[in-house]
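Listed below are the residues making up each chain.
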Amino acid sequence: MRAFCQVALLELRRLVRSKTALALLLASVAWMLATPYLVKSDGTLDGARQIYVRFSLGGVFVLCAISLAASAASSLALERENRRLQLSRTRPVARLTLALARMFALTSLGAAVLAMSSLILLCNVQGDRLCNHVAGPVMESIEAEAARMYDYYMADPETPPEIKAAKKSTVMRVLRQGALDHYQSIAADETAEWTFPAPQSEKLSVSLRFTNDFDLRDDVRGEFSYGAFRGAVSNITQAVVHVPLEAGSGGVAGAQDGKLRFVNMGVSSLMLRPRKDIKLLSGADSFRMNLLRAYLELVSMLSATIAFAVFLGAGLGRPVAVFTCITFMFVSFASSDIIGQYPDQFETDNVDRIGLALTRAVEYASRPVNSLHPLASLSADECIEPGEAIPVALVDMVLLPLLFALLSSFAISLREDWI
Amino acid sequence: MNEVAVSLAGVSKTFRDFWLRPTVKAVDGLDLAVARGDVFGLLGPNGSGKSTTIKMILGLLRPDDGQVRLFGMPPSSVQARRKIGYLPELSYLHPFLTARETLAYYAGLCGLGRQDARRRIDQLLEMTDLTAAASRPVGGFSKGMARRVALASSLIGKPELLILDEPTSGLDPVSTHEVKMLIRTLSKSGMTILMTSHLLADAQDVCRNFMILNRGKGVAQGMVDKIEGSLQDYFLAKVGEERDFKVAPFLEGGAGA
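Residue numbers (our numbering), protein chains in the order written: chain A, 1 to 419; chain B, 1 to 257.
Hint data in this document are derived by calculation from the structure and do not stem from the laboratory. Don't take each hint at face value.
Computed list of chain B residues with no C-beta within reach of chain A, every gap over 10 Å [claimed, not checked]:
id, residue
1, Cys110
2, Ala134
3, Asp172
4, Val224
Here chain A is said to cover these stretches of chain B; the calculated rule only asks that three of the stretch's residues, wherever they fall, bring their Cβ under 8 Å from a Cβ of chain A [as the list claims (entries may be wrong)]:
id, stretch
5, 22-28
6, 47-61
7, 183-196
A few chain A residues facing chain B, derived, Cβ under 7 Å [what the hints assert, rightly or not]:
id, residue
8, Ala3
9, Leu12
10, Leu78
11, Arg80
12, Arg84
13, Thr90
14, Arg415
15, Glu416
In this text the structure is predicted, and so the values were computed from the model without any measurement. Just so you know, even glycine gets a beta-carbon here, dropped at the ideal spot from N, CA and C.
Use the sequences and the hints to build the structure in full.
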């Protein structure tokens, strides 16, 4: 433990005395204070708040991730190049400790910078505003729907032969995306219904987005009902709207059958993707508590990124490690957008396929970090569920650093002995 | 108690390139034994395999063949490393740390308790005459002062075996004399010392036993006292003839005219 503390202290001293820590802290504070003046809002107060929350803390996170990952990738590589690592390795200290303590020190600095930025954010945003638990409709799983559609298409004689000849995993990937974007039509005067899990409170609202056949902006008129709760919709399509559900007189709390119903009272058909466009919201705790959970997720994402960077520095030369780490981070951040640009890979050429395969590999490898969207949830007042945040935080802050520290210790030894 | 501090039996090490093709055989079937309490000199010209041998003794490199033991234990074991102090050829200090912080860092790596570490650091700073400079970053130290910090840090864990790689390299005559005195003092306290040096007069002054390496093989071994004449002459007789520079053709070509 003493060795761990000394290595961590050494790393912190390096960051402080090289002015890296100070520069990071000042840049973060400056960004937090300048964001409202730099980022344009959509003209509404709520829009301005959402953009401020997302871009201020998001900017600080990107700043921390890039600078600390670069420092982490340099750390062991620089020690090895200067032969100081050899000197440390002649002492009775495990290689695992040398890597793990560095990860801890760098993550601690990132956590301190993020904590300070979160406090600045909290001073500028109403801390006691309510966030909501978010529930989607209970439906057949995406995997099951994709498998069902696969069987259907393979049996269908009209399915093009190149699709029938394609690898099952490729077709399934397309079908999974299709299932996510699967549209449901609601004709005029028709009632649609979706089953939701029991809400966690009685402060209910519905978040929804409709479109119509021609993707035009059009009036939406209708009424939601959920047991004794009612809410009227009068808005335009293509915008995300929140419809508060009010309890009717003598109504029972929540729907006995768990069904949310919508009556289309407009003149034209409406369409929506149930898996994406409709959510039942129920009141949770405050923005302050949600910020705390978002902070935990951000620190855990940073921790996993730093652990990966330290591992790269253990096995590669400094410039190569830093370049690989930063490139990997950018590709992984952009991977879901890149993959989204190519929804149907049957239309792409071989170069695109190779690029997509690489992007998918990076996306898959970085899923423990990129599957989290704390700032999107925080800005939209969607509750980051502790039951989801804590296991992910444990994986990113404990398991991944341990795994990368173990790999780093092998890399240190291998590098010395081999090259 | 094991009377042999360091033993190497048939140790070989070949370096390879990225594709695992052998590039150079740095150590070739080396046998070596250093007794407890001895001051042993590992001597040889550049590229003779001294540093590779030292790295294998320190557990930084794994031998391809043969066996290395420190006090009967494999050198990579934590128990063995608790007994080692190592002074590299260059000091390799963290320039942003002060002398005291440097010693505290290595004390922490050796697992010394806080009180024990503080007492030991004060003793070593005093011993190396660095007390006045203890709070200055070592990046601003002269080479001699940096060498003394490195020497102090090699002694922080109370080692039983001290491995010194060119301990007097780059030091002025006064500092060289002080280091040699220190080695003698440490030896008298029972510490085993294994050192490499190019400065054979220095080695002759402090070593009791020696081995001369050339091209990865031990070409001579013995006691310093038993050599007739200087160690320098003996060394040149063993390896010097193989390094005969062909100067005549160069001069005949007009150089120096």
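Verification of the supplied hints:
1. Cys110: Violated, because the least Cβ-Cβ distance between cysteine 110 of chain B and chain A comes to about 6 Å, which does not exceed 10 Å.
2. Ala134: Correct as stated: the minimum Cβ-Cβ distance to chain A is 16 Å, above 10 Å.
3. Asp172: holds, 24 Å
4. Val224: Nearest chain A Cβ is 27 Å from valine 224 of chain B, so the label holds.
5. 22-28: violated (count 0)
6. 47-61: With 5 residues close enough to chain A, the hint holds.
7. 183-196: It is violated, with 0 qualifying residues against the three required.
8. Ala3: holds, 5 Å
9. Leu12: violated, 11 Å
10. Leu78: At about 10 Å, which exceeds the 7 Å cut-off, the nearest Cβ of chain B leaves the hint on leucine 78 of chain A violated.
11. Arg80: violated, 11 Å
12. Arg84: holds, 5 Å
13. Thr90: Holds, because the Cβ-Cβ distance from threonine 90 of chain A to chain B comes to roughly 4 Å (cut-off 7 Å).
14. Arg415: violated, 11 Å
15. Glu416: Check passed: Cβ of glutamate 416 of chain A comes within 6 Å of chain B, closer than 7 Å.
Hints 1, 5, 7, 9, 10, 11 and 14 from the earlier list are contradicted by this structure; the remaining hints agree with it.
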